[in-house]
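**Student:** Chain residues, written in single-letter form:
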Amino acid sequence: MNRRKAIFSIFLLGGAGAVSYSALTWYQHAKTPDFTFLNNNEALIADLAEVIIPATSTPGAKDVMAQKTIISLIKQCEDRKNQNNFINGLRDIIKYADKKFGKPFTSLSPAEQKTIVAHFQEEGRNFSGTSGKIKNKLLGKSFFEILRYYTTVAFCTSQGGANNALAYSLIPGKYISCINLSPGQRAWATK
Amino acid sequence: MGQNQQTKLINVIGKAEVEITYDAIVVGSGISGGWAAKELCEKGLRTLLLDRGRNVEHIKDYPTAMMNPWDFNNRLETEAAYRSENPVQSSVSNDTNKHFFVNDKEHPYIAQKPFNWVRGYQVGGRSLTWGRQTYRLSDLDFEANLKDGHGTDWPLRYKDIAPWYDYVESYVGITGQAEGIPHLPDGVFLPPMEMNCIEKNFSGKIKTHYKDRLVINGRAANLSKGWLGRGPCQYRNLCDRGCPFGGYFSSNSATIPSAAATGNLSLRPHSIVSQVIYDEQTGKAKGVIVVDELTKETFEYHAKVIFLNASTVATASILLQSVSKTFPNGLGNSSGQVGLNLMDHHSGAGASGEHEQFKDTYYSGRRPTGIYVPRFRNINGQTGKQEFVRGYAYQAHGERREWKDTLMITGDGFGESYKNLLTTPGPWTMWMGYWGECLPNAANAVTLDHTQKDNWGMPMVKIDFSFGKNEQLMRQDAIESAAEMLSVGGFKNIKTFDYNFPGGTTVHEMGTARMGLDPKTSVLNKFNQMHDVKNVFITDGSCMPSGGCQNPSLTYMALTARACDYAVTVLKNNNL
Ligand SMILES: Cc1cc2nc3c(=O)[nH]c(=O)nc-3n(C[C@H](O)[C@H](O)[C@H](O)COP(=O)(O)OP(=O)(O)OC[C@H]3O[C@@H](n4cnc5c(N)ncnc54)[C@H](O)[C@@H]3O)c2cc1C
Ligand code: SF4
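These protein sequences, in sequence, are chains A and B.
Here the first sequence is numbered in this note's numbering, starting from 294 and rising by one per residue.
Here the second sequence is numbered in this note's numbering, starting from 30 and rising by one per residue.
Worth flagging that the hints you see were computed from the coordinates, not collected in a lab.
All C-beta atoms, glycine included, are put in the ideal place defined by N, C-alpha and C.
Check the hints yourself; a few may be wrong.
Simulated DEER-style distance windows between Cβ atoms [claimed, not checked]:
id, chain 1, residue 1, chain 2, residue 2, range
1, B, 236, A, 365, 44 to 52 angstroms
2, A, 478, B, 195, 41 to 49 angstroms
3, A, 403, B, 385, 33 to 41 angstroms
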């Protein structure tokens, strides 16, 4: 069997456990996800992704069009539960930005956007919390967790991210088992 | 050999114009069948190679091999629909290689207890996607059944198979390092793929601390230098997509082209063998019945000698389907052993840790193998364990934590500092997973359910398998020992893991038509020849009386080459 597959699958395992699970929550998770809403919020997702991975001396999430990949991956690869969690999260972001700053998220300053994302990171922590593994199985992942996951994947597997923020080679040709780390050496994009 | 020639050979095998009689028929073109076809063709036998799946031509049919991560719509993530439709195959396949695995919906089977039957139905079988780890068995393994009484004795010993290991390794090309370990014999090796800084350090620490343990270079069918016109490996570590450089061993890159080059090979894809035909007059097998995968038409092919290499579970099911007056319970099943004693290695548990040092070192290129800790339990008096018999080995590898693991492990954090974490090499880490021996047990069995049929009208395969107490105790020891060794290696933040995979997940199924000395308790003799039907040979994993803890495919190759040599000799002496 594949060695590397095994490393990642550890995180997908959850224990079984009793978590109260109301009919309402069930409905919110099982309903058909509103993909139109998801598609219509590309600009919002782009801004959120940029908060997760900002442009610095190297490209950021927006430079590699992470938003398009995020939307597509959530549609193709996520469970319905997490699709709904993400879509509901976007709605919550919109509401929270309005309540807190009286403006849409996309019109906020980078610092204000950060405050909001930090708030949702905190909420996500409560969502998955200490018994996170157990709840994850029933309730799915938090909005923040989904956003962070797909932003990272979208960025690190993009041409710009892999080549310009990380180091990438399709055909290394050689294996050098031990090299000295040069200053500013970036991490490999694939392994 | 040119593409055209191979294509022509394949196209010969249509419906009407087809010859029906050959010298030899080989069923299945995976790791063992590819070897059978090569050996028989090279020895001058006109050989028909049948495979139930489509043809996969080397290089041409590796659609994802040269794709970058961004060329995949799903960016190396797995589609939800694929996961839910393919709960079994998706346990080992992914978006980059799923075209080399069957579709679970099209190929159902009955698992009485959870069992992952992982299959690649195409020319080349699972030789395209295998992990390429290649270790010899030794007399510690060949004598195990005799000594502790589980299963039946192997009808051969290391000295019988050693020259055949040499023979197949000299062709395959195996990267590795000679170590002189008696119970993990050295082979014919190409240069080793070196250990990185952390692995070298770990290896040194383990050697100093333990008398009974070593950390050695992984041995793998990857070409650290060019070999017989194949390779060398370009250090991409994308082998399971098929390698455009021929840098690793597969039937498609090696044995099938060699067989075709003789001019003796006919290859017929889309050919599902349902039965071996038994001739009551001669007491031999006459040929096979094939159901065309696409048209569902039935054909017969005849030959003097038949090799079954459809892989362990499938071979057992072909035998069980081949009923006749003499063999009402399946071909060559006078012992009643066909289908019994299914084994798989157990794996998916161990430990990982982080190292604080060597922060100024890194590596370049992607080595397609890792490091290995040969078995150290129950080797001799000193290493004996009370709790369990036999033993396990570890596959391991050291690396600096990279973005995907950082993403998963940190859980929190965003912005510039997070980006920095992702884009600079993380701490050195070591991952150690064990591969353990599974005892032969008659209760672990493959049978047929005649009330349920598959898409081709064949009875559904039923698998009843579970790991026993010995495996569980061994697993516990393997987890604890991994954590202990990492601690000796100076690792911090050591975490154990245990995924509790069901049987089959290691994809080392073995044992359903075992070799043995006694026809009453075994199906095959010491040359993989059926005790009951002398012109049928079985050289895939089903022949194994026990499994050792080593990855088994190298042993299938050696046994196949040996059996072909024997079969052709007796055939030429008119003794088949
Ligand atoms: C992800 C993965 C990693 C692995 N890693 C390793 C490793 O590191 N080391 C190791 O030693 N092994 C490894 N293995 C196992 C290895 O692939 C198998 O042991 C090996 O392929 C078995 O060879 P085989 O010839 O018996 O069968 P296969 O290679 O499976 O080939 C069987 C062939 O028979 C055909 N067939 C089946 N039924 C019929 C029928 N009725 N009629 C006609 N044709 C039929 C199939 O289409 C297939 O092509 C790994 C496997 C996987 C999937
Ligand atoms: S690692 Fe080597 S063998 Fe594997 S795909 Fe790359 S070049 Fe080929």
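**Student:** It remains to establish, for every hint, whether it holds in the given structure.
**Tutor:** Here's how the hints hold up against the structure:
Restraint check, residue 236(B) to residue 365(A): a C-beta distance of roughly 50 angstroms satisfies the suggested window 44 to 52 angstroms. Between residue 478(A) and residue 195(B), the C-beta spacing of about 43 angstroms keeps the proposed range 41 to 49 angstroms intact. For residue 403(A) paired with residue 385(B), a C-beta distance near 35 angstroms keeps the hint of 33 to 41 angstroms intact.
In this structure, none of the earlier numbered hints is contradicted; all agree with it.
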